[in-house]
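For reference, the chains in residue letters:
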Amino acid sequence: MNAIEINSLTKVYSSSFNKKQTMALQNFSLNVTEGTIFGLLGPNGAGKTTLIKLLLGIIFPTNGTAKILNYYIHEYKIKSRVGYLPENHKYPSYLKGKEVLDFYGKLSGMSGSSLKIKIDEMLELVNLSKWGKTKIKNYSKGMMQRLGLAQALLNDPDLIFLDEPTDGVDPIGRKEIRDILLNLKQRKKTIFLNSHLLSEVELLTDRVGILNKGKLIREGTVNELTQKKQEYKLSIEGENAEQIIKDFDNRISFVNSGNGYYNLKVSDSVQLNMVLDVLRNNGIIIKEMVQQKDSLEDIFISLIQESEKKELQ
Amino acid sequence: MKNILTITWYSLREALARKVFIAFIIISTLTVGLVTLILNVADIVKVVSSGYQGNYFQAFTTVEMMFISPVTLIGILMSIFSSASFIPVMLEKGNIDLLLSKPISREQLITGKFLGGVLVVLINIAVLIIGVWLAFSFKFSIWNFNFLLIIFTITFTFAILYSVIILFGILTKSSAPGMMIAYLIFLIVSPMLYTFEFKISGLLINSFLKGSIDFLYYFFPKTSEIMGKITMSLALGNGIDNYQPLLTSLGFLILTLGISIAIFRKKEF
Chain A
4 MNAIEINSLT KVYSSSFNKK QTMALQNFSL NVTEGTIFGL LGPNGAGKTT LIKLLLGIIF
64 PTNGTAKILN YYIHEYKIKS RVGYLPENHK YPSYLKGKEV LDFYGKLSGM SGSSLKIKID
124 EMLELVNLSK WGKTKIKNYS KGMMQRLGLA QALLNDPDLI FLDEPTDGVD PIGRKEIRDI
184 LLNLKQRKKT IFLNSHLLSE VELLTDRVGI LNKGKLIREG TVNELTQKKQ EYKLSIEGEN
244 AEQIIKDFDN RISFVNSGNG YYNLKVSDSV QLNMVLDVLR NNGIIIKEMV QQKDSLEDIF
304 ISLIQESEKK ELQ
Chain B
81 MKNILTITWY SLREALARKV FIAFIIISTL TVGLVTLILN VADIVKVVSS GYQGNYFQAF
141 TTVEMMFISP VTLIGILMSI FSSASFIPVM LEKGNIDLLL SKPISREQLI TGKFLGGVLV
201 VLINIAVLII GVWLAFSFKF SIWNFNFLLI IFTITFTFAI LYSVIILFGI LTKSSAPGMM
261 IAYLIFLIVS PMLYTFEFKI SGLLINSFLK GSIDFLYYFF PKTSEIMGKI TMSLALGNGI
321 DNYQPLLTSL GFLILTLGIS IAIFRKKEF
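Same order as they appear, the protein sequences are chains A and B. Quick note: the first sequence uses my numbering, first residue 4, plus one each step. Quick note: the second sequence uses my numbering, first residue 81, plus one each step.
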């Protein structure tokens, strides 16, 4: 079952001054399965925050439909099962940490002793127990971010939107947040994550979408996105290995990268098996074989550049 | 309803966090203290009653109003100033996103903000008026309960002006325009239209001009009449002989608040 179903969502911002129109999101379709972590990547202004705002009814779509937890996005009551941490959240500075959680907890439909217990639990979870009675104007950026996360998780939501959740948080805090998110995933919660930190997305997410100028240019698992097609690193051993490699025809790229390692590029798996057979038949021992991967960052940059080029053409 | 109460309660908290409302409470308390002191050193009512042909009750109420009127006027001006930023602060990026991500409708959000602002003024005005009333009542053993009704006329005056502040707060996301228009209505438009309608309009020959003044008079809220004539009449126990200023002003309040909600429902953040 899908926690998020987006069908051809389009958002156009119109300026009332010069009638200029900006396409923030273009025919965007996406499904996010329940109990998974989905990461949305994109450069600044790609439309990531616009998408979250549309799903939460903060802005309205120009075209298309979307559902969260099986309810259309204009049905505001479903938000009692949703948590949200905005990118630049702002809480009333005269409130204390506990009061902030009390306010948003009540707005989420919680009350009484269950709310009080949950507030203490959440402060404990984000390591702010000692700061609950301190006015938030005295909080650091990292503490505010952790309080924001506590606020987003307070109502035990089934679907959580996090916009740059580790922004301003130190490395230890980031690790703690990652652990919290992984724990939520184990509890079958769905997490929709917007982040600039590609390494973070790589570590956390089940699926990733790459967004540029309002268009979803690629979607898949991190593995699917980063896997280089038919490129392998081989460690081989054998007396006449060099000679055998030289004998392969031009369609196969087999390059010595030093220390007994070779980079092999083939056109398909039939060719790969043919190469392996030749090596084995000639007494070459294959000690190790690893399919080559790009980092998510490499893929992200190349996809964005590719998309920019297409845009220019 | 629970959502409205939460927003109302936290709007009250927000108001109390602002020093202007605290200042209003302090002024009210000082006024009550000052009244008690003056009443104990001079029989001011006796002095004033000579001007009212010995009508002691009227003189008594007039003296009460003499203390209350300037403070409530200052209180309303201060409340307008302080409440003008309620909506713009709520609409700030990072704050409104979070509020709208909760299971609360936009109508409930505005209604809660409205009630919160009105409630804080109601409390302030009540502290002042009940304090002064108690001081007078204990001193002279005259318990004029009708006097307490003016808490509502004064709060109602603020409620009308606050609806204007909300509308312009939503339209401009800024506190200055709403505040300026509220001051304009309270201090200039309302007293001026009252004067035109009842003192000048009868002298006019041009029917278009007369009709225009009539329209403007009935359209705009009658804050000066509510704060003046109606409040005084209630304080004296004479009741309200003409409900038109209250009803047309209530109509203005509902219209302004309705437009605010309609705009807010369509607004993107």
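Treat the hints with care, as some may be off.
[What the hints assert, rightly or not] Computed footprint of chain A on chain B; a stretch qualifies when at least three of its residues, placed anywhere within it, have a C-beta under 8 Å from a C-beta of chain A:
| hint | stretch |
| --- | --- |
| 1 | 170 to 180 |
| 2 | 293 to 306 |
[Stated by the list, open to error] Selected chain A positions facing chain B (Cβ under 10 Å, derived; list incomplete):
| hint | residue |
| --- | --- |
| 3 | 16 |
| 4 | 18 |
| 5 | 62 |
| 6 | 66 |
| 7 | 67 |
| 8 | 68 |
| 9 | 89 |
| 10 | 91 |
| 11 | 93 |
| 12 | 95 |
| 13 | 106 |
| 14 | 158 |
The hints are simulated quantities; they were obtained by calculation from the structure and are not laboratory data. Glycine is no exception: its CB is placed at the ideal position from the N, C-alpha and C atoms.
Checked hints:
Evaluation of the coverage hint for the stretch 170 to 180 of chain B: fulfilled, as 9 residues show C-beta separations to chain A shorter than 8 Å, against a requirement of three. For the stretch 293 to 306 of chain B, the stated coverage by chain A is violated: 0 residues have a C-beta nearer than 8 Å to a C-beta of that chain, whereas at least 3 were required. Taking 10 Å as the C-beta cut-off, the interface hint given for residue 16 of chain A holds, the closest approach to chain B being about 8 Å. For residue 18 of chain A, the interface hint is violated, the least distance from its beta-carbon to any beta-carbon of chain B being 13 Å, above 10 Å.
Satisfaction of the interface hint for residue 62 of chain A is found here, the shortest Cβ-Cβ separation to chain B being roughly 4 Å, below the 10 Å cut-off. Hint on residue 66 of chain A is violated. Least Cβ distance to chain B is approximately 15 Å, over the 10 Å limit. Interface hint status for residue 67 of chain A: violated, as the beta-carbon distance to the closest one in chain B is roughly 16 Å, over 10 Å. With its C-beta approaching chain B no nearer than about 18 Å, residue 68 of chain A sits outside the 10 Å limit, and its interface hint is violated.
Restraint check, residue 89 of chain A versus chain B: the minimum CB separation of about 5 Å is within 10 Å; hint holds. The criterion of a C-beta within 10 Å of any C-beta in chain B is met by residue 91 of chain A, whose closest approach is roughly 4 Å, and the hint holds. This hint holds: residue 93 of chain A has a C-beta 3 Å from the nearest C-beta of chain B, less than the 10 Å allowed. Interface restraint check: residue 95 of chain A against chain B, minimum CB-CB distance 6 Å, threshold 10 Å, status holds.
With 10 Å as the threshold, the beta carbon of residue 106 of chain A comes within range of chain B, its nearest partner Cβ sitting at about 5 Å, so the hint holds. The criterion of a C-beta within 10 Å of any C-beta in chain B is met by residue 158 of chain A, whose closest approach is roughly 9 Å, and the hint holds.
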